[in-house]
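Participant: Input sequences plus hints: build the corresponding full structure.
For the sequence shown, our numbering begins at 1 and goes up steadily by one.
Please keep in mind that the hints were generated in silico from the structure rather than gathered at the bench.
What you were told as hints is all true, and nothing was included just to trick you.
Derived Cβ-Cβ restraints for the label pairs, each shown as a range:
1) Arg3 with Cys43: 19 to 27 Å
2) Arg13 with His50: 38 to 46 Å
3) Thr90 with Ser46: 14 to 22 Å
4) Leu114 with Ser46: 36 to 44 Å
5) His50 with Asp70: 45 to 53 Å
6) Arg79 with Leu114: 14 to 22 Å
7) Asn111 with Cys53: 43 to 51 Å
8) Pro106 with Thr9: 16 to 24 Å
9) Thr11 with Asp70: 28 to 36 Å
Keep in mind it's a predicted model, so treat the numbers as computed, not measured.
A virtual CB, placed ideally from N, CA and C, is assigned to each residue, including glycine.
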Amino acid sequence: MWREYIRATPTWRQEGPQYDCVFIITNPELEGMHGMDIAHVLCFFSFKTHRNCHHCAIVYWFDHIGDVPDEGTGMWMVRPSFAWGEWPNTAVIHIDAIFCAAHLIPIYDRNFVLPEIGPHNSYDFFHCFYVNRFADHHVFEIV
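Facilitator: Given below as structure tokens:
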């Protein structure tokens with residue numbers, strides 16, 4: 001059995017928030033990244049209806065950049081998804097749709113990285129990311 005912790009907390013070890021990214025299965029008929037999307041988890045919650053408990057997450061979506069991985073790195077590229085061009089594309093999903101945690105690497109430009117950018121706010125400062133397929137052997141096999 002394999003277990004992984006996915007965090008969505010406003011304060012993590014007194015160093016700022018920790019909101020992890022995840023692979024979401026959006027089309028189980030397709031293999032690898034063709035059947036998955038990346039999302040940024042904002043909150044986990046559950047609710048009951050008619051004695052059934054539903055475990056959910058609120059996520060921000062990322063869009064794929066292209067239909068194939070980057071030629072130079074072999075990694076897929078994603079960018080934050082926006083509805084109507086300005087609002088983050090947000091959804092409530094069932095946690096069973098989460099496949100595993102995802103590690104995103106910012107795509108840097110030629111400018112210096114500002115000193116105030118840290119792990120807790122890098123998703124807000126950068127506009128494009130590599131999906132790190134080298135994060136662990138499990139991710140390497142699926143991506």
